[in-house]
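Participant: So the sequences go chain by chain: A and B. Per our numbering, residue 251 is the first one in the first sequence, and the count goes up by one each step. Per our numbering, residue 251 is the first one in the second sequence, and the count goes up by one each step.
Where hints are given, some of them may not hold.
[What the hints assert, rightly or not] With a cut-off of at most 30 Å between alpha-carbon atoms, the simulated DSSO-like pairs for lysine-lysine come out as follows:
{"hint": "1", "chain 1": "A", "residue 1": "K549", "chain 2": "A", "residue 2": "K268"}
{"hint": "2", "chain 1": "A", "residue 1": "K525", "chain 2": "A", "residue 2": "K553"}
{"hint": "3", "chain 1": "B", "residue 1": "K482", "chain 2": "A", "residue 2": "K255"}
{"hint": "4", "chain 1": "A", "residue 1": "K525", "chain 2": "A", "residue 2": "K255"}
{"hint": "5", "chain 1": "B", "residue 1": "K359", "chain 2": "B", "residue 2": "K428"}
{"hint": "6", "chain 1": "A", "residue 1": "K268", "chain 2": "B", "residue 2": "K482"}
{"hint": "7", "chain 1": "A", "residue 1": "K428", "chain 2": "A", "residue 2": "K485"}
{"hint": "8", "chain 1": "B", "residue 1": "K268", "chain 2": "A", "residue 2": "K255"}
{"hint": "9", "chain 1": "B", "residue 1": "K482", "chain 2": "B", "residue 2": "K255"}
{"hint": "10", "chain 1": "B", "residue 1": "K268", "chain 2": "A", "residue 2": "K328"}
{"hint": "11", "chain 1": "B", "residue 1": "K553", "chain 2": "A", "residue 2": "K553"}
{"hint": "12", "chain 1": "B", "residue 1": "K268", "chain 2": "B", "residue 2": "K485"}
{"hint": "13", "chain 1": "A", "residue 1": "K268", "chain 2": "B", "residue 2": "K531"}
{"hint": "14", "chain 1": "A", "residue 1": "K253", "chain 2": "B", "residue 2": "K532"}
{"hint": "15", "chain 1": "A", "residue 1": "K253", "chain 2": "B", "residue 2": "K531"}
{"hint": "16", "chain 1": "A", "residue 1": "K553", "chain 2": "A", "residue 2": "K485"}
{"hint": "17", "chain 1": "A", "residue 1": "K532", "chain 2": "B", "residue 2": "K253"}
{"hint": "18", "chain 1": "A", "residue 1": "K268", "chain 2": "B", "residue 2": "K549"}
{"hint": "19", "chain 1": "A", "residue 1": "K532", "chain 2": "B", "residue 2": "K255"}
{"hint": "20", "chain 1": "B", "residue 1": "K482", "chain 2": "B", "residue 2": "K531"}
{"hint": "21", "chain 1": "B", "residue 1": "K485", "chain 2": "A", "residue 2": "K553"}
{"hint": "22", "chain 1": "A", "residue 1": "K253", "chain 2": "B", "residue 2": "K268"}
{"hint": "23", "chain 1": "B", "residue 1": "K532", "chain 2": "A", "residue 2": "K549"}
{"hint": "24", "chain 1": "B", "residue 1": "K253", "chain 2": "A", "residue 2": "K531"}
{"hint": "25", "chain 1": "B", "residue 1": "K553", "chain 2": "B", "residue 2": "K255"}
{"hint": "26", "chain 1": "A", "residue 1": "K253", "chain 2": "A", "residue 2": "K328"}
{"hint": "27", "chain 1": "B", "residue 1": "K253", "chain 2": "B", "residue 2": "K531"}
{"hint": "28", "chain 1": "A", "residue 1": "K531", "chain 2": "B", "residue 2": "K482"}
{"hint": "29", "chain 1": "A", "residue 1": "K268", "chain 2": "B", "residue 2": "K253"}
{"hint": "30", "chain 1": "B", "residue 1": "K553", "chain 2": "A", "residue 2": "K549"}
{"hint": "31", "chain 1": "B", "residue 1": "K482", "chain 2": "B", "residue 2": "K268"}
{"hint": "32", "chain 1": "B", "residue 1": "K531", "chain 2": "A", "residue 2": "K255"}
{"hint": "33", "chain 1": "B", "residue 1": "K428", "chain 2": "B", "residue 2": "K553"}
{"hint": "34", "chain 1": "A", "residue 1": "K549", "chain 2": "B", "residue 2": "K268"}
Hints were generated in silico from the structure; no laboratory data involved.
2 protein chains.
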Amino acid sequence: MHKLKDIVRPTTLIVSSKLNEVIGLDLTIASETFQHTGSFKFRAAYNLALNVPNEEILTASSGNFGQALAYACRLVGKRCTVVMPDTSAQVKINAVRGFGATVDLIDTKTVGRNERVAELAAQMPHAYHASAYDDQFVIDGNSTLGYELAGREFDVVIVPVGGGGLISGIINGLNHNKDNAAVYGAEPLLGNDATRSFRAGRLIPNEIEPMTIADGARTISLGNLNWPIISKGVKDMLEVPDETIAAALRMYYDLANLKCEPTGAVSLGAVLENKELFEGKKICVVVSGGNVDAEVYAKLIIKPLLNTEVR
Amino acid sequence: MHKLKDIVRPTTLIVSSKLNEVIGLDLTIASETFQHTGSFKFRAAYNLALNVPNEEILTASSGNFGQALAYACRLVGKRCTVVMPDTSAQVKINAVRGFGATVDLIDTKTVGRNERVAELAAQMPHAYHASAYDDQFVIDGNSTLGYELAGREFDVVIVPVGGGGLISGIINGLNHNKDNAAVYGAEPLLGNDATRSFRAGRLIPNEIEPMTIADGARTISLGNLNWPIISKGVKDMLEVPDETIAAALRMYYDLANLKCEPTGAVSLGAVLENKELFEGKKICVVVSGGNVDAEVYAKLIIKPLLNTEVR
C-alpha cells in the first residue's frame, strides 16, 4: 500500500501572465484539477481509506468526495457505498460507479441525506461512516496541500469553502510549517453559512441546502472539527455571488486555459469581488477541482449567468 | 534579458488514471497549454526574438505563433507585425493585439499569405521575416521541449504536426540527450502532406490550405529545414480524421480535466486510431496548445463532429 505522500499528485502551480494582466494582481493558481479523480478530495479520501480499520466505508457526497473515496477504496481494496443526491452532476455519478462503488441515489426533496445514511449505517454495522469534511482523517489528508503551499512566500492563500475540510487542512498544513500566509475563505453568497458563522463567532448553519452553481459548496454547515480551526485560522471570509463565480470560471477558460468546476472558481471570484484587499500581495488562489458536466460548462463559457462587467 | 531556459515554463506532465483506464494504455500528457501565451510556440518565438539582430519582426501566423511572437517581442522590447487570415480564432487575434503587435488581417481567398508578407517586407526593409516553423531559431527554441522529455523513459513520443517546427525541435532535443524514444508525427487527415511526404521520401505540399478543425495544422507544407530532420528522425507519421480529433479533445475534457485546442488533441487522436501500435509502451502525448474560442469548444464538448464510437 502506498503512503499518502507517495500517491498524492503534487498540486499544479500555474501562473498566467494574461490572467494577471487583466486582473492587475500577482496570482498563482494552485490547481487540484489534475489530482487523482480531478479534485483535492482524493487527498482526504485516500488518507481515510488507508487508515480506518474498517473494510467497508459509507459516505454521503454530492460527488467529488464520493468519486475520490470510491477510487481510494479501490486502491486499498475496501468496499465503498456513496449516497448521492439525484441532482448530482452526471459525470460525478458515473465516475463513482466506474470506480466500483455502490451508488445510492436519493431525492433530497423527500429524503434527508443524513436520514438515508443512518438507514444504510444500520444495515452495514461494520462500515465506517465518513464525512466528506468533518473527520480528522479528512482534515489531515487535506493538510498535505498546506504542506505543498508552505514556504512559497505567498502573502495570501484563498480557498473555496463548503464544509470546510479543505481550508482547515490548509490552515493546519501551513501552521505546521510555520508559514504565515493569510488564509481567506471564499464562499458562495447563496450558501454563506461560514461567513455568517465567522462574523458571529459561533457555528450557524444554512436553513436549506443552498442552490449555488458551486455544487461542491452546497453544504448545510461547516463541520464541528473544522469550525475551531477556521474560526481561529482564517483571516476573513469572503462571499461571492454566483454570477462572479461564473465570470471567474470563464476567465480561467479564456486567459489561463484552465478547465475548472464552478466550486473551484469561487476563490478567484473572491479576488474579483475584493481586488483592493490584495493589491501588491503575492496571492495563491486554490482551485479545488475540475469536474463539471459538459453541458453546464459549455453554457458557462459561452454566456455568463448575468451581463456582469466583472470580466 | 532572460535566457530562454530561464523564461520558458516547464511543460506540465499529467497522468490521468481515468483516461488511461478508458483507453487501456500508459499515457503521460505533456501539456503546453500552460506555457506563456498558451502554446509551445512561445519557446520558438522567444528564442527568435531574443537572438535575431533586427529590432522589428514580421510573421504570418494563424494565431499561436503570432501571439507568442507578439509577447516575446514585448518582453525583449522589439516591434512586431503579424499577418493573420481573417478566419483565425477571434481569441487569437485579440491576444496578438493585446500584446501590442500590429495585426494585418487578410482574406486568404483573395490574397496569398506569402504575397502579403512579401508586400509588407518590402515596406519594412529592416524587419526580420520569421517563419512559424521553417527557421533555425524556431527549431532550436522548440528543442527545449525535447530536452524536458528526454530521460523520462518514454518508449514513444507523439507530436502534432503542422509545419513541423515542434516535432523537429523535439527530435533534436531528444537526440542531443541520447534519448531513443520513438517519435511519431500526428497529422490531420485533411491536411496530410507530411504523411504523404514521409511515405514518398520527398517533400510534397498540400494543394490548398486544408480546412481541418486543427487550425494550427492548416499548413501547406513542412518547412525546408524541418523536412530532413523529420524524414530521418520520425518513426512514422499517423493520419487523424477530424472526428477523431474532436473525440480526443472531448476525452481530455471528460477524463483528464484538460482544456486543449483541436490541434493539441491530434496526438491523442493518433493514439485512438492506432492503439495496437502502442500497447505495453510508455507513451508521451504532446498537447501543443490550449487556445480555442469558447463557441467552438462548447460545441465540441457537447456534441462530437460525428457519432463516432471512438469514445
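Participant: Against each hint, give a clear statement of whether it holds in the structure.
Facilitator: For each hint, the structure was consulted:
1. A:K549 with A:K268: Answer holds: K549 (chain A) to K268 (chain A) is near 23 Å, not above 30 Å.
2. A:K525 with A:K553: Holds, at roughly 23 Å.
3. B:K482 with A:K255: violated (43 Å)
4. A:K525 with A:K255: Roughly 35 Å between the alpha carbons, so the hint for K525 (chain A) and K255 (chain A) is violated.
5. B:K359 with B:K428: violated (45 Å)
6. A:K268 with B:K482: violated (38 Å)
7. A:K428 with A:K485: Within the cut-off at roughly 16 Å; holds.
8. B:K268 with A:K255: holds (20 Å)
9. B:K482 with B:K255: This hinted pair holds, its Cα atoms lying about 27 Å apart.
10. B:K268 with A:K328: Holds: K268 (chain B) and K328 (chain A) sit about 19 Å apart, inside 30 Å.
11. B:K553 with A:K553: Given that 30 Å is the threshold and the Cα spacing comes to 18 Å, the pair holds.
12. B:K268 with B:K485: holds (28 Å)
13. A:K268 with B:K531: Roughly 37 Å between the alpha carbons, so the hint for K268 (chain A) and K531 (chain B) is violated.
14. A:K253 with B:K532: holds (24 Å)
15. A:K253 with B:K531: holds (27 Å)
16. A:K553 with A:K485: It is violated: about 33 Å lies between the C-alpha atoms, which goes past 30 Å.
17. A:K532 with B:K253: holds (24 Å)
18. A:K268 with B:K549: The hint holds at about 25 Å.
19. A:K532 with B:K255: holds (24 Å)
20. B:K482 with B:K531: With a Cα-Cα distance of about 22 Å, the restraint between K482 (chain B) and K531 (chain B) holds, given a limit of 30 Å.
21. B:K485 with A:K553: Roughly 44 Å between the alpha carbons, so the hint for K485 (chain B) and K553 (chain A) is violated.
22. A:K253 with B:K268: OK: K253 (chain A) and K268 (chain B) at ~21 Å, within 30 Å.
23. B:K532 with A:K549: Violated. K532 (chain B) to K549 (chain A) sits at ~37 Å, over the 30 Å cutoff.
24. B:K253 with A:K531: holds (27 Å)
25. B:K553 with B:K255: The hint is violated at about 40 Å.
26. A:K253 with A:K328: holds (16 Å)
27. B:K253 with B:K531: violated (35 Å)
28. A:K531 with B:K482: The hint is violated at about 51 Å.
29. A:K268 with B:K253: holds (21 Å)
30. B:K553 with A:K549: The hint holds at about 13 Å.
31. B:K482 with B:K268: violated (35 Å)
32. B:K531 with A:K255: Holds. K531 (chain B) to K255 (chain A) sits at ~27 Å (cutoff 30 Å).
33. B:K428 with B:K553: Outside the cut-off at roughly 43 Å; violated.
34. A:K549 with B:K268: holds (25 Å)
The structure does not agree with the numbered hints 3, 4, 5, 6, 13, 16, 21, 23, 25, 27, 28, 31 and 33 stated previously, though it agrees with the rest.
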